[in-house]
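Engineer: This is what each chain is made of:
Number of protein chains: 2
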Amino acid sequence: MTNKKQMKLSAYLVGTGMHAASWRLPDALPGASIDIDYYVRLARTAERGAFDFVFLADSLAINEQSHPNILNRFEPITLIAALSVATSRIGLVATASTSYIEPFNLARLLLSADRISKGRAGWNIVTTRDLSGNTARNFGAEKHFELEHRYQRATEFVDAVLGLWDSWEDDAFLYDKASGKLFDPSKLHRIHHRGEFFAVEGPLNIARSPQGYPLLVQAGNSEAGQRFAARFAEVVFAIKYNYEDARAYYADFKAKAAAAGRNPDDVYILQGISPVIGATEEEAVAKRRTLESLLGESEILGFLADYFKEIDFSPFTTETTAREAGLDMLEAANPDYRKHKPVIARENPTLREIYSLIIGSFSGDHLVGTPEKIADTLELWFRGGAADGFMLMAPALPEGLDDFVRHVVPLLQARGLFRQEYAADTLRGHIGLQAPPNRYAASRRAESPAT
Amino acid sequence: MTNKKQMKLSAYLVGTGMHAASWRLPDALPGASIDIDYYVRLARTAERGAFDFVFLADSLAINEQSHPNILNRFEPITLIAALSVATSRIGLVATASTSYIEPFNLARLLLSADRISKGRAGWNIVTTRDLSGNTARNFGAEKHFELEHRYQRATEFVDAVLGLWDSWEDDAFLYDKASGKLFDPSKLHRIHHRGEFFAVEGPLNIARSPQGYPLLVQAGNSEAGQRFAARFAEVVFAIKYNYEDARAYYADFKAKAAAAGRNPDDVYILQGISPVIGATEEEAVAKRRTLESLLGESEILGFLADYFKEIDFSPFTTETTAREAGLDMLEAANPDYRKHKPVIARENPTLREIYSLIIGSFSGDHLVGTPEKIADTLELWFRGGAADGFMLMAPALPEGLDDFVRHVVPLLQARGLFRQEYAADTLRGHIGLQAPPNRYAASRRAESPAT
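First to last, the protein sequences are chains A and B. Here the first sequence stands for residues 72 to 522, where the numbers follow my numbering. Here the second sequence stands for residues 72 to 522, where the numbers follow my numbering.
For reference, chain A alone in the conformation it holds in the complex:
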């Protein structure tokens, strides 16, 4: 059975879970979002489940309405560096934005984490969703970059970073103690990047890792984001709330990757899922109900009022529908809303459901139930061309991950849908990708005659 026939699994780690009320559950650990021992346990659980990688999201600003699990949390690259030492096989993907840091700094931080983990790091490339509306002001600007501008900048940024990552060819270091020749200077390169947004000379002061460089992950939903992902991403992360939408997205994105000159089989699409697992269907439904009941009216309406600054939410309740609130027709000033608007206009959810959609913790009925039901859904989506794998965005942690590893993973393994154990040592190895060749070594090989 080829690697391509098995699904990929990733675990989204975020404090007590994706659900904004998860911190109020009886077993939720106070301070989970900033507890390194807790994150080590989560990562080891995912590794025990032979997951391809754990995933750390990020944001560059908070305000009083932010999700409880992002108010106080680790910076993702330092976190994956720490998790590297506490794990041995699992991939570690950190989110980092291209919008507010120099390419040289980010190239170094990420490749350093990749070396520390011996080739298990990934970079989730974002241009920053400005949910709080105050990101720019943390970096000396008044207004966040517009979407199109952000992706133009991101494209040049990633080009520069990829160039820096090739500064040293893989066989540049000789360590010839007898002659005193430490390295071959012809295998050390400067990129001399001079672009519209950045000038970066190089070389970088760190060399490539066992997997070449960090795996490139992306979650672009806008047209600009998908163009960007089609060009660069090796793993794409999306959230679709039903099978049809997921299949349509999958087919469309693979076509975009092909149009961008990529082999669509080399781009893996993971669908974000927030399953609620119970021993019986009733138990799972009750669990979801408990979580929902812990989410206060004022938190939901307060978040939405901050997100949609143009709407007065005081006349509404959490059961008000999108149409009643006028959200289906709104040209929202918040650019993040673009990706949610089509589904909201079509499905007319309540404000409570809209909140879950925006926060990314919506659990559709197809993902609430027994381990068998969850496995059935994942098998359908995987075999039916809706996903190459899944990003487990557990509503409540550690329970949602523990239960998935204990009860769902063995079912997927028994059905031949998921690996029994790791077969590789690097993240690209888990995914089934080769280390990308160094551009300078590749061009030298292309130039030299066959021997």
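Rather than coming from a laboratory, the hints here were simulated on the basis of the structure. Check before you lean on any hint, since a few could be wrong.
Identical copies go unnamed one by one, so any copy, or any two together, can satisfy a pair.
[Unchecked claim] Simulated pairs of lysine-lysine, DSS-like, Cα-Cα distance not exceeding 30 Å:
{"hint": "1", "residue 1": "Lys248", "residue 2": "Lys380"}
{"hint": "2", "residue 1": "Lys214", "residue 2": "Lys258"}
{"hint": "3", "residue 1": "Lys248", "residue 2": "Lys189"}
{"hint": "4", "residue 1": "Lys380", "residue 2": "Lys444"}
{"hint": "5", "residue 1": "Lys214", "residue 2": "Lys410"}
{"hint": "6", "residue 1": "Lys380", "residue 2": "Lys252"}
{"hint": "7", "residue 1": "Lys327", "residue 2": "Lys410"}
{"hint": "8", "residue 1": "Lys252", "residue 2": "Lys325"}
{"hint": "9", "residue 1": "Lys327", "residue 2": "Lys252"}
{"hint": "10", "residue 1": "Lys248", "residue 2": "Lys214"}
{"hint": "11", "residue 1": "Lys248", "residue 2": "Lys410"}
{"hint": "12", "residue 1": "Lys252", "residue 2": "Lys358"}
{"hint": "13", "residue 1": "Lys327", "residue 2": "Lys248"}
Could you slot chain B onto chain A? The hints should help.
Structural biologist: Quick look at chain B alone, frame taken from chain A:
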């Protein structure tokens, strides 16, 4: 015996050691500078020796003449995050420059590492020595900032970072599951920083650590650097090559700290030392000779030609003296030279010795010999008012650290000069400093009447 009566010890970790030829020693590990298992071993050795902290230097550019151990190395903040998980008590100090990163990003990275290590991180604040002459070009500029400008910028940078680190008061998080009150919004703060160089709004999305925030370390040698250190630094790191210079520096710096309104006892001065340890004096001298013999003429002269671009070194050998080369009178374009010029003008060293001075791997005769001799020197410097402690810049690693921990530390302990074991859990605790109060909590306490 109070904490203040015992010396502080730190280990400077850099690949195969400070000496530029250390990688050629028979036991030197190829790729040591980028081997995480090796760094874990070094950190654990220092922890076994009850060192206050390990220290990671940094630079933001390399060229073909750079020190072998900096060509390919970990970024320091990711490295200390990783070492946090592999150690439990020792402090972990990372160097980071204020010249080419946004305050919000660096504040986050450092406080994240401090939280990951449970209060064991330190920040060695640098404005970047541009040894390679091409730092600026990695960050979109042609010329590196001038010294005075760098420190003006650094002062504002550190002010902003310290403000961001106080975003959350220590008791801001309530985790009140019953009422749904996660935090007290009156204890979340924005700094609204608007300065000459930076605008930073806040709040930071991570809260203070068990030691408040990372220990502030500095190694400024210029007047501007010392002014800066006198204001901010809790630990100062200097390199003086004889007792008289070290005593003069110590007295002068303590006076500067007092003039800046600090208690001079709260600023700890560590002197950098590069001891060569042997079972006998002869063995140590032979070791130093072996190291020197492994350093090629061309490496030394190539480095110096790159460092002093205004001088033609082709007529010289490594035994040419400073006066013969005209270095004693030179107004060097390289600003790093300012700190070495007085000692070079006075002592007239050879080019080989000047190279060691600049690289920071010079081993004076008082530090070449038996463990007893090394301990005698350290005791003299410590009791004589030349140092509050030492930064071990071992010429060769791991040997130089292993030998020091095995043979010198027990002598210092037997003489009551150094702790037998750790008495605290945080880096500030090891040093003997309290966690700094949160500025907002402190001002609230000052305002409220005594009860």
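Engineer: Does each hint hold? Answer for all of them.
Structural biologist: Status of the hints after comparison with the structure:
| no. | hint | in the structure |
| --- | --- | --- |
| 1 | Lys248 x Lys380 | between (65 Å within a copy, 29 Å between copies) |
| 2 | Lys214 x Lys258 | between (42 Å within a copy, 26 Å between copies) |
| 3 | Lys248 x Lys189 | within (25 Å within a copy, 41 Å between copies) |
| 4 | Lys380 x Lys444 | neither (40 Å within a copy, 71 Å between copies) |
| 5 | Lys214 x Lys410 | within (20 Å within a copy, 43 Å between copies) |
| 6 | Lys380 x Lys252 | between (63 Å within a copy, 24 Å between copies) |
| 7 | Lys327 x Lys410 | within (18 Å within a copy, 58 Å between copies) |
| 8 | Lys252 x Lys325 | neither (47 Å within a copy, 45 Å between copies) |
| 9 | Lys327 x Lys252 | neither (47 Å within a copy, 46 Å between copies) |
| 10 | Lys248 x Lys214 | neither (55 Å within a copy, 36 Å between copies) |
| 11 | Lys248 x Lys410 | neither (58 Å within a copy, 32 Å between copies) |
| 12 | Lys252 x Lys358 | between (65 Å within a copy, 21 Å between copies) |
| 13 | Lys327 x Lys248 | neither (51 Å within a copy, 46 Å between copies) |
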